[in-house]
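2 protein chains.
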Amino acid sequence: MAALPSIKQFKEGILAGNRTLLARAITLVESKKKEHQLLANEVLNAVLPHSGKAVRIGISGTPGVGKSSFIESFGKMLVQNKHRVAVLAVDPSSQLTGGSILGDKTRMVELAAMEEAFVRPSPSEGGLGGVARKTRETMFLCEAAGYDVILVETVGIGQSESTVRDMVDFFLLLMQPGGGDELQGIKRGVLELADALAITKCDGSLEDSARQAYNEYKMGMHILRPGKEDEAWVPEVYLVSSHSGKGLGEVWECINRYTKKSHASGSLSEQRQKQNIAWMWNLIDERLMQGFLASAEVQGQLATLEEDVRNNKVSANYASEQLVNIFSQNNK
Amino acid sequence: MAALPSIKQFKEGILAGNRTLLARAITLVESKKKEHQLLANEVLNAVLPHSGKAVRIGISGTPGVGKSSFIESFGKMLVQNKHRVAVLAVDPSSQLTGGSILGDKTRMVELAAMEEAFVRPSPSEGGLGGVARKTRETMFLCEAAGYDVILVETVGIGQSESTVRDMVDFFLLLMQPGGGDELQGIKRGVLELADALAITKCDGSLEDSARQAYNEYKMGMHILRPGKEDEAWVPEVYLVSSHSGKGLGEVWECINRYTKKSHASGSLSEQRQKQNIAWMWNLIDERLMQGFLASAEVQGQLATLEEDVRNNKVSANYASEQLVNIFSQNNK
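So the sequences go chain by chain: A and B. First residue of the first sequence? That's 83 in my numbering, and the numbers climb one at a time after it. First residue of the second sequence? That's 83 in my numbering, and the numbers climb one at a time after it.
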């Protein structure tokens, strides 16, 4: 990395929509070097007050459902409607596979080439927690740079969806034609995170089965989708084709209705404030646990006590007390 | 409390099925006094190797669904089949209301009066985490005392179901006749914890709507219940009447099929070992957080930084770093 710009240069550049400085700030956020992380924190704090003006949309679905085709078509439509679109991703599996969703340069080529779009692959290190933190901070940087729609793609691996749900305003779940069987790939609880479902591939030979899936999900959501008494939003189901563009406009209208409604009721800013606080506490948890695990004295006892708990030799409560006592005594 | 028995007396008494010593051990587990907690840990560790022989069943459902009537009838049936049944509860709301599920002595009177049954109200202090820990340890004490079926009742308040799911082998969700509308009370994700659904009140004037609900849930589960490719169990739906006893036997057979199957495959003991380890880590988390929050230096900064995070003045990452640094610097 060339000589680092100053915080002031980063701030002014990002606020002016300078893609190069935005990209470099994101690289700092993703860096493992301590000095980069410190600078990243400063830059982020400097631009944070200018963030928050975008619509934050999480998009998920099992492999093969057509996430990238959808995002390419959906993003291009938004750009044509004078929006500036940032596409980010949370893919904790990328560090295992080496690859990364959005990393493949052959995906979303047209969208990525657009001046009004910014496509960034998933961070490839840090586990789900670390990847999500970096993506979340990247989202704030993109908002400060003037992108007014943020699309956060995630893979259908269960935990990652709820993590993404906690950083966006609206969660869209893509489903394939074929009905119940297709659900085998979807992890428990994911359906219930969705603010809307979109049945993809409603074109050509799949159109009929897409319509059938649509009817089944409509009915299924009516029967099984739990909600709260005070719930102001009932998840909607759409038929879309990334190929023909069918339904993309309706999905966008749906998202606008949702955000208008939750903006008017104040629930949008309330949700975002709650998300901020929840993230702070998650990170505190993470850092406390890191300190705990870094203790040599804890490591010395951990394996034995874990084995005793596994086999009911000692209670989980007893073991946790022992370990935390060891930790605090040796870190005074 | 009278002079405390020795650990040896507790152990021998509990293993001999002495109800008085069992009840006193549970009181120790629930006590807030440090010396009681230390003794409780010793007693629990002493009997733990003798626990684990029971079938652990979680039972939930929204208020009015008929949980206590079901448990009364179901428990009596089990006792008639020569089982010894312990009924416990996780009700974090009890500390707010003062009351507690199972606390009302007019509930389950017949079951509670049986020599082969042991009914214990929910601990009334400690928040969800604390209440769950106490109930979980009470479960182990009851198993050591020879109860071979443990029924853990919980209220339908969302988080408590997944907490109970993490301490039992099988999770039964009770639903009312009336179909979709009844679901309004059920929190997201709860349906997906269920290993079986039982539609209650299938008798008298409600029988028809119970049958209708049965068909809807059967279909709904088929359409929407997500699963893993490797999932060996598909949740079943039953019609029950606590009044006539209809369906209670089938539910018990279902639970037996499930436990036999998961015992044979080894997934039962695997799940229990995982549950033990997960609980240990939850408690470590809890204790680390307690230590963090107990720090005066942290408390001095917390409110300000929380407010700054809420309003995007500083990032969640930055604030968490500051607070954890303050904590560790002042606890060295």
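Calculated directly from the structure, the hints in this document are not laboratory data. Keep in mind it's a predicted model, so treat the numbers as computed, not measured. A hint or two may mislead.
As the list claims (entries may be wrong) - Taking CB as the label site, the calculated pair distances span: (1) B:395 to A:332: 53 to 59 Å; (2) A:192 to B:338: 43 to 49 Å; (3) A:349 to B:375: 46 to 52 Å; (4) A:345 to B:375: 55 to 61 Å; (5) A:116 to B:351: 40 to 46 Å; (6) A:348 to B:159: 35 to 41 Å; (7) B:208 to A:386: 42 to 48 Å; (8) A:297 to B:375: 30 to 36 Å; (9) B:407 to A:286: 27 to 33 Å; (10) B:209 to A:325: 50 to 56 Å; (11) A:98 to B:375: 38 to 44 Å; (12) A:109 to B:343: 50 to 56 Å; (13) B:211 to A:116: 30 to 36 Å; (14) A:331 to B:114: 30 to 36 Å.
In this text, a Cβ means the ideal position worked out from N, Cα and C, and glycines have one as well.
Hints that the structure is at odds with (numbers, increasing)
1, 2, 3, 4, 6, 7, 8, 9 and 14
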